[in-house]
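> Residue numbers (the working numbering), protein chains in the order written: chain A, 470 to 688; chain B, 470 to 688; chain C, 470 to 688.
The reader is advised that the hints may include incorrect statements.
Said to hold, decoys possible - Pair by pair, the computed Cβ-Cβ distance ranges are:
hint : chain 1 : residue 1 : chain 2 : residue 2 : range
1    : A       : 668       : B       : 564       : 35 to 41 Å
2    : B       : 540       : A       : 645       : 46 to 52 Å
3    : C       : 540       : B       : 648       : 26 to 32 Å
4    : C       : 547       : B       : 668       : 25 to 31 Å
5    : A       : 540       : C       : 645       : 19 to 25 Å
6    : A       : 539       : C       : 544       : 48 to 54 Å
7    : A       : 565       : B       : 671       : 31 to 37 Å
8    : A       : 560       : C       : 673       : 19 to 25 Å
9    : C       : 674       : A       : 594       : 46 to 52 Å
10   : A       : 564       : C       : 657       : 41 to 47 Å
11   : A       : 668       : C       : 541       : 55 to 61 Å
In short, the hints are calculated from the structure, not lab data.
All C-beta atoms in this analysis are idealised placements derived from N, C-alpha and C, irrespective of residue type, glycine included.
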Amino acid sequence: MTGSPATVTTALVLDLAGTFAFALNGAFTGIRVARLDIVGVVTLGMITALGGGILRDVLLGALPPATFSDWRYLVVATAGGLVAFAAAGQLERLALPITVFDALGLSLFAVTGATTALVHGAGTGQAVLLGTITAAGGGTIRDVLVRRVPSVLSSELYAIPAMLGAAVVVLAARAGVGGLVWTLVGAAVALVVRLVGVGFRLNAPRPPGSGPVGRATEG
Amino acid sequence: MTGSPATVTTALVLDLAGTFAFALNGAFTGIRVARLDIVGVVTLGMITALGGGILRDVLLGALPPATFSDWRYLVVATAGGLVAFAAAGQLERLALPITVFDALGLSLFAVTGATTALVHGAGTGQAVLLGTITAAGGGTIRDVLVRRVPSVLSSELYAIPAMLGAAVVVLAARAGVGGLVWTLVGAAVALVVRLVGVGFRLNAPRPPGSGPVGRATEG
Amino acid sequence: MTGSPATVTTALVLDLAGTFAFALNGAFTGIRVARLDIVGVVTLGMITALGGGILRDVLLGALPPATFSDWRYLVVATAGGLVAFAAAGQLERLALPITVFDALGLSLFAVTGATTALVHGAGTGQAVLLGTITAAGGGTIRDVLVRRVPSVLSSELYAIPAMLGAAVVVLAARAGVGGLVWTLVGAAVALVVRLVGVGFRLNAPRPPGSGPVGRATEG
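Using the sequences and the hints given, assemble the complete structure.
This is the structure in structure tokens:
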């Protein structure tokens with residue numbers, strides 16, 4: 470599961486793209502939900518963008534996290550926060566970009582997180598789980614900080630698409646057919662399932678007799 | 470402080486029992502407090518069950534955490550969440566099982582967490598503290614995710630019983646009389662003190678002039 | 470960036486002073502905002518005091534954290550919580566000490582956190598960031614536990630002074646003029662900027678058209 474230079478570069482590009490998407494998402498959330506100033510907006514963008522990868526690296530014992538040894542993550546996360554701050558005045562509504570960039574970050578981090586876990590020698594199940602944690606981790610910290618019940622607990626198909634995307638990448642690698650194609654397939658699967666879930670307000674089954682739906686969000 | 474195979478097996482069994490108890494507790498909490506769907510319920514059960522041990526292993530530098538190198542924890546935590554989901558429809562009230570399984574997980578993790586810390590060479594005070602963190606950690610993350618003030622801050626004798634149970638195990642080990650008997654004594658002490666605290670609504674003293682009791686819970 | 474014994478001792482003293490200040494702050498917050506009992510008050514004081522340093526050490530991979538290998542941190546944090554509990558009855562208002570001790574802890578941890586990061590070989594930008602995380606981390610966990618939007622996101626100039634203080638220390642060390650004087654200058658810069666920010670209710674710019682200020686605090 471070592472990669473050629475081209476594979477490593479691709480993984481880095483996808484990881485930075487996910488970082489940028491989550492930075493936009495976190496910063497827009499800071500503007501819309503919590504009405505933060507520019508420091509708070511950029512800070513929330515950075516935490517959302519970097520939180521999942523930091524969790525992954527801590528759990529892998531790959532310390533210090535990539536964030537702190539590779540300055541590109543910090544630069545991209547900061548840039549995403551600043552771009553979101555500048556763009557917010559131009560956008561009439563932030564709900565759509567928040568949803569789309571969250572789904573993008575989720576999908577990209579599911580596949581890059583799982584790939585990183587494999588590179589560090591994680592087992593099959595562990596790699597799928599770590600991909601899911603990488604994907605959902607930053608958004609979970611974001612939601613805790615702005616005092617929402619995290620999407621991963623309450624929202625339409627959030628963990629499921631991340632798990633599917635990670636599983637595609639891990640199984641392809643185990644089958645010896647890993648590489649860019651399957652990485653993109655995994656990300657696409659995660660993205661489509663997430664957007665369908667949001668679009669049709671799908672939820673997994675609730676327990677019998679648990680009463681009316683009580684999603685606790687103030688979004 | 471290395472153990473015989475029998476001791477290690479016993480520690481593993483108790484640790485898995487604590488994992489199962491906390492998974493049931495977290496899943497019931499997800500159903501009752503936050504009305505989550507099945508994915509959210511199982512996710513909250515897993516986080517509650519695995520959170521304390523992950524915190525302990527991160528603080529010990531024993532990475533990756535046992536959760537990720539031993540699949541039995543993942544299986545038991547997932548099973549607990551699914552069992553709770555299936556059982557929820559049969560139970561008229563969830564308050565009692567939530568309390569009991571929380572107390573069980575707290576007691577078992579206090580002693581297994583302290584034992585693990587000793588195995589990794591922690592000092593006496595450190596081992597008691599790490600036992601307490603293992604016991605209270607998962608429930609604290611659970612409460613943050615469903616937006617309650619954590620039990621460890623607000624609830625009737627929560628940290629105290631964990632600390633007592635951990636202290637029994639650590640002091641017995643330091644006195645050279647460690648083993649299953651004292652592990653069970655430690656867990657029993659923690660369990661009894663916790664249940665007495667809940668049953669009689671005991672609290673430690675409040676500061677003079679701090680006004681009426683204002684427990685911030687929506688449980 | 471190794472230090473003479475005198476430098477190391479000074480760093481330790483400043484670090485313990487920051488620990489004491491944050492323990493007082495966290496404990497007072499537990500009394501005023503959440504009306505906790507003595508166990509909750511001391512626990513919140515300890516988490517506030519030790520949280521930032523633990524985050525820093527986890528991110529540096531310096532495990533177990535200093536807290537667990539040097540008992541003085543635990544003793545000082547516990548003492549701070551107990552002193553705050555005893556003093557609370559004597560104080561008519563807690564708002565002022567909460568603000569002052571938070572600013573003191575923030576300033577001291579910004580410089581000691583950055584210094585620790587340099588000692589562990591962090592780069593310039595990383596050391597400034599880790600100083601900021603050390604300074605803001607404990608208060609962020611405190612705010613999450615008592616269910617407030619963290620100061621680092623919402624409050625008048627919180628991350629900025631920490632970043633400035635850390636930058637002074639890091640740049641001085643890079644210029645080869647590190648030592649006690651610049652450490653104190655860095656802490657003083659952070660403290661003054663923070664207190665000016667609080668006193669004049671300064672905030673960084675908000676996005677255009679983001680509506681009225683909506684600081685979400687119940688303090």
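> What hints, given by number in increasing order, does this structure fail?
2, 6, 7
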